[in-house]
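Listed below are the residues making up each chain.
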Amino acid sequence: MEKLTIILFWLALVSGVVSSLAYIGNFAARAERRVHVYTALGAALGSFALLLLVIFLRAQALGISQTAGPFTVRIIFAAFIIGVFLLIESIYAGKSTKVKALGTVVMPVAVILQFLAWHAYGLSEQLTQQLRSYWVGMHVTFAVLAYASMTVALALAVAYILQEKQLKNMRTKKPGKIFRKLPSLEISDDLCHKSIAFSFTFLTLVIATGIMRAEMLPEWSMWYMDPKILMAIATWVVYGSYLVVRAALGWRGKRANTFAILGFAVAIATYLIGNIGFITEILPSIHRYGGGLG
Amino acid sequence: MHIIVAGLSHKTAPVEVRETVTFPEQILSDALHMLTGYPSINEAVILSTCNRMEIYVVANDPDKGKDDVIRFISDYHSLERDKLEKYLYFREGKNAILHLFRVASSLDSMVIGEAQILGQVKTAYNAAFEAEATSTVMNRLFRHGFSAGKRVRTETEIGESAVSISYAAVELAKKVFESLSGRTVMLIGAGEMIELTATHLLSNGVSNVIVTNRTYERAESLARKYNGVAVRFNDFVDQMVHADIVISSTGAPHYVVTKDHVSFVMQKRKNKPIFFIDIAVPRDIDPSAAKIYNVFAYDIDDLDSVVQTNLEERKKAATIAEEIVEHEVLSFSSWLATLEVAPTIASLRRMAEEIRQKELEKHLRKLPNLSEAELNTVNALTSAIINKLLHQPIVKAKEYSTRKDGYLYIESLKVLFNIEDEEEDEEPEGASAFVSKPEASFKINR
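These protein sequences, in sequence, are chains W and D. Here the first sequence stands for residues 1 to 294, numbered as in full-length UniProt numbering. Here the second sequence stands for residues 1 to 446, numbered as in full-length UniProt numbering.
Each hint should be verified, as a subset may be incorrect.
[As the list claims (entries may be wrong)] Stretches of chain W that chain D covers, calculated by requiring three or more beta carbons in the stretch to come under 8 Å of a beta carbon on chain D:
| hint | segment |
| --- | --- |
| 1 | 21-33 |
| 2 | 160-168 |
| 3 | 180-194 |
| 4 | 251-261 |
Hints listed in this document are in silico derivations from the structure and should not be mistaken for laboratory results. All residues carry an ideal CB built from backbone N, CA and C; glycine is no exception.
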């Protein structure tokens, strides 16, 4: 069983690399070749399906309550980020052919996550007693979904800012290749908004499930002093404010997208606590278990 | 079988000449009948657009073919031959094929990458096909040309970006708004440019038009044209709140749309993006308004710089397109070469058979007492010898004819065996369809 998992894992990784190269190649090329477009999408779909199989096999091998180990979590992360991208592609492909530019960011990120999963942990992941729980499983899954859609939102916000900068300085700065490959402002802005709304929903669930689990264990009763939890709440506040000012004050476009980038910076800081050795030493957190559960 | 093109275009002839030498659709069939009536011309297609007039023919003989085409044009349009020849260019063989493929790919157009020419070439071919002026070679040549043109359009970005001011405006608008359908456009002022841009926007899906003008009646008449609403000039700022795109072109000596106006509108719009195009000189829209959040404003120079950049891009795409076209020419040529070799082989066989018959006749006279069976054997023997002897040269000729220098082998075969192609009555020419002349054009000796 483990052998099959490893084979599927490597196939998923190769497929992810192929897809990344095809997306980047298409983005960099002057004219798109249809073959490359199909290769990119096909390999992305393949990678997604293989990753789901890997996750399924891990859940079979470890039992559903123990799938939150550092290897599997990164695989779930990689699968979700591709999943979010494919979902967007399937909805928006008819509206704009340029949404696929997102693949140039999403696919390499998925590959890096898989590589990190293998490099740092492999299949020898172990969970402490406190983490063997359905609550933790849900908590981690929601967290990964939230991070995956945040990453997509970041890519879109950056695309928006770049595109807007070009559009505002048309005469002084000659439009480059990227200008023609990026989606329109309307699409970037709208999709970024939706990704953040999606992310925010899951972030809320992450915090709720986390607190419930902490309340169950007496040794975690001081959870509200934990730096990672405080940062997660800060992230929740930033993304929440994004949604509020957008709805109430009509903040869209540049302001909203700058806000989205700021939100991601806070989110990344949250992610790193408990994941990077020296940060964990300065800011001890109950999330240090297993070296990075996200 | 020689493919020849004779023509004149914006590159060789001024408009005064181009406008006299045209073949509009209604006379095309008649003209084609006349042209194919010339003895040297087997197939013909006439392409006549506002920028070029070209006649593609398949002729038995290159010089006679050219001469007949010139005679046809000068007769049809009652022009003096010498005057006409000054403006004409000729290509033959591979260069003629290359020329057609470049024309169909709009690499020879005034604006490289323009979209109409491929359609015009198709229309010209269809007219010739219906007039029964085309046959094997022209049918294949033109169909191959269409696919070359199509390949260039899909595999390069030659026609992708806008190269006129009004299209550049639409292109930029689409960078802001994903789709223009359902959007509202406001026209301030009047004029040719504003109408052209408005037409492009409407054909891209813009559905509502608001028109304003200092003279309300003019606004009304323009609004009627686009099925829109006319508003009084004093109210236009209030109405601008509903517009996603604003095009301004008034003769006012000062800014018509000030920064304060735009700030007010943006507040009312809750920061929904707005797109301004200012085609007036002096400008109508205060350029500082462009700095306002979610306002995208462009003047005529901005649009012009977009056009210039796009033109450069087209030039880059054109180099890739040239490679595609050359590749297609090669692929067509190899097909043509196999067509070339067929009559030569037929002639070779016929010649051998004639020799055999003659020799048999001569020698059988000396052998009057042969039985039926013996006669058959002699027949079979002589046939077997010529067939075996010709087998290798024929196989090799077929094989080599598709190569780049294939015509050399066919020519050698003709010279060595002193044969002519089946249909040709005259003496064999030293030239084949592929003797390509490096000069762009040359004078005909009369």
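Status of each hint after checking the structure:
no., hint, result
1, 21-33, "holds (count 3)"
2, 160-168, "holds (count 3)"
3, 180-194, "holds (count 6)"
4, 251-261, "holds (count 5)"
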